Amino acid sequence: MTDSLDLTTDVLVIGGGPAATWAALKAAQAGADVVLADKGYCGTSGAAASAGTGIWYVHPDPLEREKAMASREALGGYLADRRWMARVLDQTYDGVNELATAGRYPFPVVDGRPLRRGVQGPEYMRRMRIMVRRAGVRILDHSPVTELLTAADGSVAGAAGHRLQTDEPYRVRAGAVVLATGGCAFLSGTLGCHVNTGDGHLMAAELGAELSGMEFSNAYAIAPEFTSLTKTAYYSYATFYREDGSVLEGAGSQRGRSVIARTLLREKVYCVLDRADAATQAKMRLGQPNFFLTFDRLGIDPFTQRFPITLLLEGTVRGTGGIRVVSDDCATSVPGLYVAGDAATRELICGGFTGGGSHNAAWAISSGSWAGEGAARYAARLGPAAARRTVTGAGEAGLRPTGTARPAETHRDVVAAVQAEVLPYDKNYLRHADRLTPALATLHDIWREVRSGLHGAGADAVRTRQAAAMTAHARWMYTAALARPETRGMHKREDFPAQDPAWRHRLLVGGLDEIWIRPDEVAPVGPEEWASLGRPGFERVTERAYARAAS
Amino acid sequence: MIEIVSRERCITCDRCVEVCPRNVFDRGEDGVPVIARQADCQTCFMCEAYCPADALFVAPLAQPVPPDSPLRDEAHLAATGLLGSYRREIGWGRGRTPGAAVAVGPELPHKPPPIVNPATGRTEILERTSR
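Taken in order, these protein sequences are the chains called W and R. Take the first sequence: its letters are residues 1 to 551, numbered as in the numbering used here. Take the second sequence: its letters are residues 1001 to 1131, numbered as in the numbering used here.
Simulated from the structure, these hints should not be mistaken for laboratory data. Quick caveat: nothing in here was measured; it's all calculated off a predicted structure. Among these hints, one or two may not hold up.
[As the list claims (entries may be wrong)] Here are the computed distance ranges between Cβ atoms for each label pair: (1) R:Gly1095 - W:Leu115: 34 to 42 angstroms; (2) W:Ala523 - R:Leu1108: 32 to 40 angstroms; (3) R:Asp1068 - W:Asp434: 54 to 62 angstroms; (4) R:Thr1012 - W:Asp61: 47 to 55 angstroms; (5) R:Gly1081 - W:Glu528: 18 to 26 angstroms; (6) W:Asp61 - R:Leu1108: 36 to 44 angstroms; (7) W:Ala483 - R:Gly1081: 19 to 27 angstroms; (8) R:Ala1119 - W:His444: 29 to 37 angstroms; (9) R:Asp1068 - W:Pro308: 44 to 52 angstroms; (10) R:Lys1111 - W:Leu63: 39 to 47 angstroms.
No residue lacks a Cβ here, since even glycine has one placed at the ideal position from N, Cα and C.
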């Protein structure tokens, strides 16, 4: 082991995907000194890099914008906020244009006009890394953060972690921190998401941050069985079949996914993309080349041959729950701590329905930009005094057990036990109190074991912390799922199959040893509220509401 | 999962060691990277995209393939053009057009279109109910 790395900076960004890179870029452009620490390699890690994604990029034409805002509102159970949608659409438009010009992303040109409504992951993140480096950001790859550091007044003051390739601990003291650690997919095997274990949520909760919308955490994606290729869009061209060759009635990639889940509990489900004609097939290959890697390498023609499929949990990567945002610059309720991308709640633009694809991509650009700028301003206000603060490590579960420490290897058992409660379709997808209640009780038991005995040091701490993070995440999810006795957005309760108008509010959850839950004081802003309040006056209304909520 | 680091093709640039988001590779003593932690591989294909020598192969399965699988047979994969196919598809490498520049997918239908008639290759309003 060598001397450990100890850095001081204005803004520390934790994560290396789209939201992290936008945050680092905008913080640096605002004049801050920035360090970005990624669990993997900034440019390949996270849900976006290995995929391709649409972007919610809409021309600033009032009619088009109105249509865009209305598009997922009903699906999301009217829990979104039109004020946020409007500003995300503005910010995303600017960000994507910056990616095209300063970032030189080679967007396709159709009929002489650039088409900027989607990106290929590898190219996008390669360009983002270049932009971030050009802006002077110091990048620490393969450097997972294991805990946040706090100052005496409870504000965040940096983070500590472990550099995997040199096997050394490191520490970064910072005026402000942006968490852009992604959602949590519980190591389900969904594409590119092994790094998405909800680490940021755990670290934020240890400092007292609130989470929102954790009941909207049961997105499942279609993949060919035994593969990681969860790219669901093209299943719009699929017919689904039972083992005996008969058509699985009601099954579909969009509304009929629960039929697939229910069937998979009993038997295998097969699929053929037999609704794509020759011209469509050619376009599909150009649009998402990695979709076909699996089939080409297994020697399957997906347009004519049946192949078995499965559903993999995408948790809060594609679900919309996450750390609560309390201001326009994406601050959390912890001073100095900002949040961006899938680590944050995306209910503000999606409500309770999947933020997958274009909305999440837009949110990453927008929330990343705001969080980066907000963190830069916060650090500038603190000035050089920030570096003189006495700091303490805030990590608990998996790092500092309250009882007798057990070997770090037990993290595997913890992960398997948590997966047994969150992956099964009959527990998480097709929800019912009869199954959620015992699952939550089991998860609480797992947490008690984790808290008292799970312990790792060095590189092992990365794994024990992941296991702890997943356990906490699952408990917030099911606490919120049980607290919402209705069906809304992706949260479908078999025991409460209808949407209940009395529950049109967001749910906040938090705490670790003791979990608390309460309704959000800030009301959603649907089309009617938006129309009646009008934009300028309304901005002040929400600011007051946020101030009340934060006090 | 990552199955092959071709000793023949590898130019010992260590790019895969650097870019793998799961830190699966270690530097080999002779310069050729070693698959040190295959169980950590997330089958994301990113190492292949970044390998300038098309020396890596990721089988599309989330578990290791048996030793006698064609997906571990380098000669077979080279002959069938599968080695390096991801980099080719996304247009990375000298002299290629970036795939991003031509990535215009189909406009996704709001509800599934009718099934294609295999004889004509076109969609027809003839729903099969079983096969």
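Cross-check of the supplied hints:
The hinted range of 34 to 42 angstroms is not satisfied by Gly1095 (chain R) and Leu115 (chain W), whose Cβ atoms lie roughly 24 angstroms apart. At about 33 angstroms, the beta-carbon gap between Ala523 (chain W) and Leu1108 (chain R) stays in the expected band of 32 to 40 angstroms. Separation of Asp1068 (chain R) from Asp434 (chain W) is about 47 angstroms and departs from the stated range, judged on CB atoms against 54 to 62 angstroms. Distance hint check for Thr1012 (chain R) and Asp61 (chain W): the Cβ-Cβ separation is about 53 angstroms, which falls inside the suggested range of 47 to 55 angstroms.
A beta carbon spacing of about 57 angstroms between Gly1081 (chain R) and Glu528 (chain W) contradicts the range 18 to 26 angstroms that was offered as a hint. Here the CB-CB span from Asp61 (chain W) to Leu1108 (chain R) is close to 22 angstroms, at odds with the stated 36 to 44 angstroms. Range check, Ala483 (chain W) to Gly1081 (chain R): about 54 angstroms between beta-carbon atoms, so the 19 to 27 angstroms window is missed. Restraint check, Ala1119 (chain R) to His444 (chain W): a C-beta distance of roughly 59 angstroms breaks the suggested window 29 to 37 angstroms.
A hinted range of 44 to 52 angstroms is violated for the C-beta pair Asp1068 (chain R) and Pro308 (chain W), which are about 22 angstroms apart. A hinted range of 39 to 47 angstroms for the beta carbons of Lys1111 (chain R) and Leu63 (chain W) is inconsistent with their spacing of about 24 angstroms.
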